Amino acid sequence: MTSAVAIAAVDKVFNPGSTDQVEALRGIDLTVAPGEFISLLGPSGCGKSTLLRIVGDLVTPTTGTVAVNGKTAPQARKDRDYGIVFQQATLYEWRTVVRNVELPLEVMGRGKEEREQRARAMLDLVQLTEFAAHFPYQLSGGMQQRVAIARALSFEPSILLMDEPFGALDEMTRERMQAEVLRIWAQTGTTVVFVTHSIPEAVFLSSRVVVMSARPGRIAGIVDIDLPQPRDEVTREHPRFYEKLTEVREILRSVDRS
Amino acid sequence: MTGAVTTRRMPSVGTAVRHYLPAGLIFIGGIALWETVVVVFDIERFLLPQPSRIARVFVDEFGVVVSAGWLTMRKAMFGFAIGAIAGISMALLTSRWPLIRDGMMPFAVAVNSTPIIALAPIMNNWFPITSIWPGAMVVALVVFFPVMINAVRGLSEVPAGSLELMDSYGAAPRDVLFKVRIPHSLPYVFSAFKVGTTLSIIAAVVSEYFGGSRENLGVYISQQAALFHFAEAWAAILVASFSGIVFYLAVVMVERAVMPWHASMRNVAGT
Ligand SMILES: Nc1ncnc2c1ncn2[C@@H]1O[C@H](COP(=O)(O)OP(=O)(O)OP(=O)(O)O)[C@@H](O)[C@H]1O
Ligand SMILES: [Mg+2]
Numbered sequence: 001m002t003s004a005v006a007i008a009a010v011d012k013v014f015n016p017g018s019t020d021q022v023e024a025l026r027g028i029d030l031t032v033a034p035g036e037f038i039s040l041l042g043p044s045g046c047g048k049s050t051l052l053r054i055v056g057d058l059v060t061p062t063t064g065t066v067a068v069n070g071k072t073a074p075q076a077r078k079d080r081d082y083g084i085v086f087q088q089a090t091l092y093e094w095r096t097v098v099r100n101v102e103l104p105l106e107v108m109g110r111g112k113e114e115r116e117q118r119a120r121a122m123l124d125l126v127q128l129t130e131f132a133a134h135f136p137y138q139l140s141g142g143m144q145q146r147v148a149i150a151r152a153l154s155f156e157p158s159i160l161l162m163d164e165p166f167g168a169l170d171e172m173t174r175e176r177m178q179a180e181v182l183r184i185w186a187q188t189g190t191t192v193v194f195v196t197h198s199i200p201e202a203v204f205l206s207s208r209v210v211v212m213s214a215r216p217g218r219i220a221g222i223v224d225i226d227l228p229q230p231r232d233e234v235t236r237e238h239p240r241f242y243e244k245l246t247e248v249r250e251i252l253r254s255v256d257r258s
Numbered sequence: 259m260t261g262a263v264t265t266r267r268m269p270s271v272g273t274a275v276r277h278y279l280p281a282g283l284i285f286i287g288g289i290a291l292w293e294t295v296v297v298v299f300d301i302e303r304f305l306l307p308q309p310s311r312i313a314r315v316f317v318d319e320f321g322v323v324v325s326a327g328w329l330t331m332r333k334a335m336f337g338f339a340i341g342a343i344a345g346i347s348m349a350l351l352t353s354r355w356p357l358i359r360d361g362m363m364p365f366a367v368a369v370n371s372t373p374i375i376a377l378a379p380i381m382n383n384w385f386p387i388t389s390i391w392p393g394a395m396v397v398a399l400v401v402f403f404p405v406m407i408n409a410v411r412g413l414s415e416v417p418a419g420s421l422e423l424m425d426s427y428g429a430a431p432r433d434v435l436f437k438v439r440i441p442h443s444l445p446y447v448f449s450a451f452k453v454g455t456t457l458s459i460i461a462a463v464v465s466e467y468f469g470g471s472r473e474n475l476g477v478y479i480s481q482q483a484a485l486f487h488f489a490e491a492w493a494a495i496l497v498a499s500f501s502g503i504v505f506y507l508a509v510v511m512v513e514r515a516v517m518p519w520h521a522s523m524r525n526v527a528g529t
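Chains as they are written, first to last, in the numbering used here: chain A, 1 to 258; chain B, 259 to 529.
The following block holds chain A by itself, in its conformation from the complex (with noise of 0.2 Å):
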């Protein structure tokens, strides 16, 4: 079987030979199976959107190659292989929440009748199907994030990227949205790969956790999360879930000491 990521031997160096180069990565290497869901874990600056970005297109790596599905980056892209959501919803203000769900549909030329039934199988799985004709000012920050997570979802993209999607939230709407996402994940099968700084975040979550140490952006470790699944409100106080935790933040203070 094909991974769905396989980064090998990446480097990311901006503004090269300029007096503002800096070394973003350097020698990432990593494979990601279908359907895992693996988080980037690390201080801030460490390049962990970079590397996100990279597997998205939106960055071409200075050196290295990114395989996606068998296939390069960009072909990836144009295949639209990529449901992305950002830390801001970035909802379109003039489109109705609806129609955000809608818009890569129309842009990949799908019927009206698809992209409705979708939007609205979308918007019922992050449960906001009462405010379907509202705009986006008139949602609360949580749920404008629902709406950029189920925009993303409505073509079913084989990979979902998520850099720090839930930073603006609260704890408890935080809580409440990662059990959301899990909850999609297990019913779309969708491959996962998602960023955050929160340590009981990335273990809670993941298949496995990417801990990464920054200038320049290296992986320092990775950690595997067995964690019976799915995944609920009692898995965060199984006793393995404090012994991961405990793992992954060692990682990060031997890397935060060198």
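If you are wondering where the hints come from, they were derived from the structure by calculation, not from laboratory data. Source: prediction; values computed, not measured. Just to be clear, a hint being listed does not mean it is correct.
Stated by the list, open to error - Derived Cβ-Cβ restraints for the label pairs, each shown as a range:
hint, chain 1, residue 1, chain 2, residue 2, range
1, B, Pro417, A, Glu23, 26 to 32 Å
2, B, Ile343, A, Ala186, 51 to 57 Å
3, A, Glu130, B, Ser347, 38 to 44 Å
4, B, Met363, A, Ala121, 44 to 50 Å
5, B, Ser347, A, Thr65, 42 to 48 Å
6, A, Asn15, B, Arg332, 55 to 61 Å
7, B, Pro417, A, Ser18, 39 to 45 Å
8, B, Ala339, A, Glu23, 51 to 57 Å
All C-beta atoms, glycine included, are put in the ideal place defined by N, C-alpha and C.
Please arrange chain B with the ligands on chain A, whose structure you already have, making use of the hints.
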């Protein structure tokens, strides 16, 4: 954009009254003050006529000033339409070629801050002076630059994330233009339109100060002033102000219909 769900409230009669009351009071107070000052200090009527006298002349001369106002307003609207269409077309054309756009913008901004109205006498020579054209061309120029500048900004200053999402959907450039850049530019364009309504009435009236057919508002004002008929001049100025307000409100109504989603539309009655 945090907190609870907000829904659009219809302003009740009570809130509408409370909203417009201060402006109404200040208007009435201002007129009363003007009237009093003129009477108390015995100001010569050719320097500053009383509002009551202007009102009387306005009623007497109603037919003349209103038809003059309508002619000038038509000129302003015609010029506005030309300037707005040209400005938007230019912005759309140059949005395809950022190099041309970036090379042109500094000049557009520079020209925009010059008194374009100074071209009026030249336009009077270029076009038949009694026709609608010389004035309309000045208006068009005055409207063109702010509309083009704002449209260019609206089309180009789209947040990076919005464009990256479209990229990630594999969107074609025309989809990016029609589904993101153009809708994003609407608030910018309408803000230029609103400025443009006022500017276009000013430009139409002032360009008529430099000559034109006698039925026009600007010609009427300058002739009455030259004859020391100041109340007549003021009555005509009143018509010009009123035209400006009507034009502005018309654009605001279109704006509301076109962008119910925009921030400026959220609290119609104010808070
Ligand atoms: N477009 C860019 N141009 C120049 N440098 C950049 C660019 N994007 C990122 N960088 C640099 O690359 C490094 C990694 O940035 P990145 O955004 O990937 O970090 P991050 O791990 O996502 O951090 P955070 O947790 O704060 O979001 C930083 O030093 C940043 O300054
Ligand atoms: Mg980041």
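Verification of the hints:
For proline 417 of chain B and glutamate 23 of chain A, the Cβ-Cβ distance of about 27 Å falls inside the hinted range of 26 to 32 Å, so the restraint holds. The given range of 51 to 57 Å is respected by isoleucine 343 of chain B and alanine 186 of chain A, whose C-beta atoms sit roughly 54 Å from each other. Remark: the range hint 38 to 44 Å for glutamate 130 of chain A to serine 347 of chain B is upheld by a beta-carbon distance near 42 Å. At about 45 Å, the beta-carbon gap between methionine 363 of chain B and alanine 121 of chain A stays in the expected band of 44 to 50 Å.
For the hinted restraint 42 to 48 Å between serine 347 of chain B and threonine 65 of chain A, the CB-CB distance of approximately 45 Å keeps it satisfied. Checked against the given bound of 55 to 61 Å, the beta carbons of asparagine 15 of chain A and arginine 332 of chain B, roughly 56 Å apart, stay inside it. At about 25 Å, the CB distance of proline 417 of chain B to serine 18 of chain A disagrees with the hint of 39 to 45 Å. Taking 51 to 57 Å as the suggested C-beta distance range, the pair alanine 339 of chain B and glutamate 23 of chain A conforms, at roughly 55 Å.
Comparing the model with each earlier hint shows a violation of hint 7 alone; every other hint is respected.
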